[in-house]
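J.: Based on the provided sequences and hints, a complete structural model is requested.
Number of protein chains: 2
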Amino acid sequence: MKKLWFIFFFTSIFLNAQNEDNINTQISKIYRKALIEGKSYDWLDHLTNQIGGRLSGSLNMESAIKWAKEELDGLPLDSVWLQAVMVPKWVRGTFEYANIESSPGNTINVNICALGGSIATPSIGIRANVVEVKHLDELAKLGKEKIKGKIVFFNRSMQADLINTFKAYSAAVDQRYSGAAEAAKYGALAVIVRSMNFRLDDHPHTGVMSYGDLPTKKRIPAAAISTNDADLLSSMIALNPKLRFFIKQNCKNYPEVKSYNVIAQINGEETPNKIILVGAHLDSWDLGDGAHDDGAGVVQSMEVMRLISLKDFRPKNTIRLVLFANEENGLKGAKTYSKNVKKNNDEHLLALESDAGGFTPRGFNFDTEDHYFNKILSWRPYFVPYYIHLFERNGSGADVSLLKGNAKVLAGLKTDSQRYFIHHHSEMDTFDQINKRELELGAATMATLVYLTDQLGLE
Amino acid sequence: MKKLWFIFFFTSIFLNAQNEDNINTQISKIYRKALIEGKSYDWLDHLTNQIGGRLSGSLNMESAIKWAKEELDGLPLDSVWLQAVMVPKWVRGTFEYANIESSPGNTINVNICALGGSIATPSIGIRANVVEVKHLDELAKLGKEKIKGKIVFFNRSMQADLINTFKAYSAAVDQRYSGAAEAAKYGALAVIVRSMNFRLDDHPHTGVMSYGDLPTKKRIPAAAISTNDADLLSSMIALNPKLRFFIKQNCKNYPEVKSYNVIAQINGEETPNKIILVGAHLDSWDLGDGAHDDGAGVVQSMEVMRLISLKDFRPKNTIRLVLFANEENGLKGAKTYSKNVKKNNDEHLLALESDAGGFTPRGFNFDTEDHYFNKILSWRPYFVPYYIHLFERNGSGADVSLLKGNAKVLAGLKTDSQRYFIHHHSEMDTFDQINKRELELGAATMATLVYLTDQLGLE
Chain H
1 MKKLWFIFFF TSIFLNAQNE DNINTQISKI YRKALIEGKS YDWLDHLTNQ
51 IGGRLSGSLN MESAIKWAKE ELDGLPLDSV WLQAVMVPKW VRGTFEYANI
101 ESSPGNTINV NICALGGSIA TPSIGIRANV VEVKHLDELA KLGKEKIKGK
151 IVFFNRSMQA DLINTFKAYS AAVDQRYSGA AEAAKYGALA VIVRSMNFRL
201 DDHPHTGVMS YGDLPTKKRI PAAAISTNDA DLLSSMIALN PKLRFFIKQN
251 CKNYPEVKSY NVIAQINGEE TPNKIILVGA HLDSWDLGDG AHDDGAGVVQ
301 SMEVMRLISL KDFRPKNTIR LVLFANEENG LKGAKTYSKN VKKNNDEHLL
351 ALESDAGGFT PRGFNFDTED HYFNKILSWR PYFVPYYIHL FERNGSGADV
401 SLLKGNAKVL AGLKTDSQRY FIHHHSEMDT FDQINKRELE LGAATMATLV
451 YLTDQLGLE
Chain F
460 MKKLWFIFFF TSIFLNAQNE DNINTQISKI YRKALIEGKS YDWLDHLTNQ
510 IGGRLSGSLN MESAIKWAKE ELDGLPLDSV WLQAVMVPKW VRGTFEYANI
560 ESSPGNTINV NICALGGSIA TPSIGIRANV VEVKHLDELA KLGKEKIKGK
610 IVFFNRSMQA DLINTFKAYS AAVDQRYSGA AEAAKYGALA VIVRSMNFRL
660 DDHPHTGVMS YGDLPTKKRI PAAAISTNDA DLLSSMIALN PKLRFFIKQN
710 CKNYPEVKSY NVIAQINGEE TPNKIILVGA HLDSWDLGDG AHDDGAGVVQ
760 SMEVMRLISL KDFRPKNTIR LVLFANEENG LKGAKTYSKN VKKNNDEHLL
810 ALESDAGGFT PRGFNFDTED HYFNKILSWR PYFVPYYIHL FERNGSGADV
860 SLLKGNAKVL AGLKTDSQRY FIHHHSEMDT FDQINKRELE LGAATMATLV
910 YLTDQLGLE
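Those protein sequence lines, which keep their order, are chains H and F.
For the first sequence, counting from 1, position 199 maps to 199 in the working numbering; every step adds exactly one.
Here the working numbering runs 459 ahead of the position in the second sequence, where the first position is 1.
Among the hints, a few may not be true.
What the hints assert, rightly or not - PhoX-like, lysine-lysine: derived pairs with alpha carbons at most 20 Å apart:
id: 1; chain 1: F; residue 1: Lys488; chain 2: H; residue 2: Lys167
id: 2; chain 1: F; residue 1: Lys498; chain 2: F; residue 2: Lys676
id: 3; chain 1: H; residue 1: Lys375; chain 2: H; residue 2: Lys404
id: 4; chain 1: F; residue 1: Lys834; chain 2: F; residue 2: Lys863
id: 5; chain 1: F; residue 1: Lys525; chain 2: F; residue 2: Lys717
id: 6; chain 1: F; residue 1: Lys626; chain 2: H; residue 2: Lys29
If you're looking for bench data, these hints aren't it; they were derived computationally from the structure.
T.: Structure, rendered in structure tokens:
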């Protein structure tokens with residue numbers, strides 16, 4: 001009897017070790033394929049250089065949807081379809097113009113761009129004195145007396161000593177999102193906001209803003225100013241508090257238009273009703289070509305489907321790709337997708353998005369319960385050879401966050417984000433700023449988490 | 460008695476926790492200072508844009524030595540001095556020229572650069588048929604019959620599926636280092652070597668080569684060719700094995716000249732005879748401005764001295780900076796320094812170098828004994844908030860490697876190296892390819908290891 005136990009014991013160790021070896025081999029094949037014969041870089045070249053920036057409601061976004069569907073139709077997947085979504089349509093119009101007038105007739109041009117969703121200035125522009133603040137709550141202290149008839153300049157820098165740059169972004173972005181709505185309450189004529197960028201350079205960074213519940217006729221124009229010009233303006237105000245700022249932009253909000261989420265899937269062999277979702281957002285801002293935000297995530301997610309469809313293993317669960325519409329200014333794609341999921345009560349094991357740029361992958365952020373998180377933590381050794389170490393809680397991502405309650409695990413690919421805010425939402429977000437290897441490593445890392453979740457399960 | 464033990468036990472836990480808190484606070488101050496009020500980026504701007512590439516024996520290298528000494532003299536250090544070193548002097552001369560002649564008079568220009576140490580071609584150049592190989596050992600199989608009178612083209616790619624790019628470099632660089640010496644034995648007229656670069660682009664990458672013990676008159680010219688042109692040449696050879704290649708370069712080796720290691724130190728308060736060394740190499744290749752290799756390491760090491768001299772703590776041991784001469788083509792700076800150390804039997808606790816580019820730091824490579832390595836591993840939790848995870852054995856670095864036997868721990872800063880070989884030894888190694896935050900994080904990470912070694916000791 002003792003002998004039998006010994007045999008059982010060593011056999012089970014042996015089988016376990018064999019299984020681990022097999023998993024390690026599969027993962028090394030995933031990385032090898034992504035790095036040696038990957039498609040993500042060529043796909044991104046097309047999406048950015050042939051199509052370009054893909055703002056919701058634009059012709060470019062329509063082209064991107066058509067292109068993505070065609071590419072996915074060419075892969076050996078089980079189905080590819082479009083899910084209709086109504087999205088906002090905001091158009092920048094002609095390029096913005098701004099200057100600082102230090103004395104009458106004496107002007108210096110500065111670099112600005114309208115914030116997404118902002119109204120235009122009158123066609124002759126706005127020229128007014130400037131009041132500089134760092135925090136939204138300074139507005140109440142200044143009051144109407146000091147703000148009315150002026151342009152409010154929000155000039156709080158991103159905090160450079162935060163290692164996680166997304167935390168610095170979260171801590172600074174209230175100026176951009178709510179600055180106009182708040183300043184309008186005190187009679188400001190317009191707001192300009194320091195770009196969300198650690199670096200001192202000349203490129204303004206757009207991004208979504210909101211008027212909240214402000215009545216239409218109380219709304220005021222909002223623009224971002226480059227970090228160099230924010231510093232210039234601030235130093236010139238210190239010398240001459242009476243200087244005037246001129247701003248002219250003719251952006252416009254149109255009624256909603258029809259767009260689509262692009263969806264594709266490989267049906268699971270054992271439990272096809274259980275879904276592992278991988279995705280990114282297909283829309284982008286209009287200033288660059290949306291290579292990092294979020295072209296990288298789009299082609300990495302497509303690459304996950306390609307790597308899995310290469311049939312080194314047949315997935316137990318359904319692997320589904322969703323390229324979301326309209327993450328940047330409305331999340332309408334994710335809202336439509338998640339509404340449908342809730343209606344059908346679709347069960348998602350994992351919903352993994354990539355929306356942190358095409359930089360070297362470092363790990364993942366997870367929104368999940370302890371026992372699922374601990375299960376995933378037990379897979380860490382599989383990731384170590386690929387320099388993937390970060391398994392953090394919270395902050396999975398905007399699109400997948402709406403699946404809360406319908407997915408056991410929400411996850412976001414975590415990248416080396418030190419360079420991200422140089423590019424984010426600006427004309428600096430272009431294909432030439434993408435490194436092929438880093439992009440491919442991200443795709444392989446996502447495919448590895450999908451593979452492990454599918455093969456080992458979360459229970 | 461029991462009560463006393465309890466008190467002792469809890470007091471010691473309390474003191475330990477307090478000590479850990481204190482260490483964490485000091486480390487966060489180091490990172491904060493590096494990121495908020497760092498000097499490394501401005502220093503690097505000067506070293507690269509005002510001085511430029513710093514090949515051993517060049518006037519630029521003399522300027523760099525003078526500049527580094529002056530900057531260090533301006534810091535509150537205890538001493539700064541120069542250590543004389545004799546270094547090789549190799550000069551590229553006018554730019555190289557090469558073309559592929561597919562049929563008489565029908566030529567396509569390609570991008571090459573002489574390898575460091577190579578001789579010139581005759582002034583009229585060399586035109587000859589080409590024999591393409593991937594590995595050095597193919598030469599013996601081909602023999603004199605097939606090689607004599609030809610140009611040997613070494614065209615082995617760096618292996619793209621290796622995650623650690625330095626391993627791919629090590630596995631490919633024999634072609635560059637020994638290709639000419641080996642091919643000359645079979646009567647080759649010259650060698651061209653595929654650049655050590657994963658990416659397909661137009662920039663040739665130089666680097667040191669050696670003729671070994673080949674007599675002077677048997678030596679043949681050696682050049683690197685860009686990856687794009689290597690692929691072009693290879694495909695044209697496949698179509699027409701009789702095509703001819705033309706190469707012309709007029710580089711030259713001169714007798715050795717005098718140069719210097721730049722050394723500076725802060726004397727230890729408790730054990731000034733024990734040294735913690737931090738360093739990098741001040742020389743660079745001549746094609747770019749040596750921003751990543753190794754300008755970044757130079758200014759990071761200088762920044763470590765500045766951060767420590769800011770007097771948040773007084774070091775117990777002597778903290779010494781060494782900016783080594785001539786790492787690229789002779790290691791003469793490190794040889795002189797280590798010879799002196801051995802002569803005086805100087806005790807080094809740690810010798811830490813930075814020579815992996817100014818990219819996001821990921822950890823360290825250590826050459827040391829198990830018990831020192833385990834001691835350092837116990838400090839890992841201090842590094843986690845800064846996303847530093849890699850504590851690997853072996854591969855500390857070329858300059859510090861010569862201190863083996865005189866230092867308890869040899870270490871090299873480990874960076875995110877996916878982009879490194881785009882820049883390495885080429886005209887792409889320039890200041891604009893440096894990210895300020897990544898550079899500063901590297902300096903802070905080095906300072907943290909120095910701080911912990913000094914305060915906690917290795918025993």
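J.: For every hint, state whether the structure bears it out.
T.: Quick rundown of the hints versus the structure:
1. A distance of roughly 19 Å separates the Cα atoms of Lys488(F) and Lys167(H); the hinted pair therefore holds under the 20 Å criterion.
2. A C-alpha spacing of about 49 Å is found between Lys498(F) and Lys676(F), which places the hinted pair above 20 Å, so the restraint is violated.
3. Between the alpha carbons of Lys375(H) and Lys404(H) the distance comes to roughly 19 Å, so the proposed pair stays at or under 20 Å and holds.
4. Restraint check: the Cα-Cα separation between Lys834(F) and Lys863(F) comes to about 19 Å, which is no more than 20 Å; the hinted pair holds.
5. Between Lys525(F) and Lys717(F) the alpha-carbon distance is near 14 Å, which keeps this suggested pair within the 20 Å criterion.
6. This hinted pair checks out: Lys626(F) and Lys29(H) have alpha carbons roughly 19 Å apart, not beyond 20 Å.
In this structure, the one hint that does not hold is number 2.
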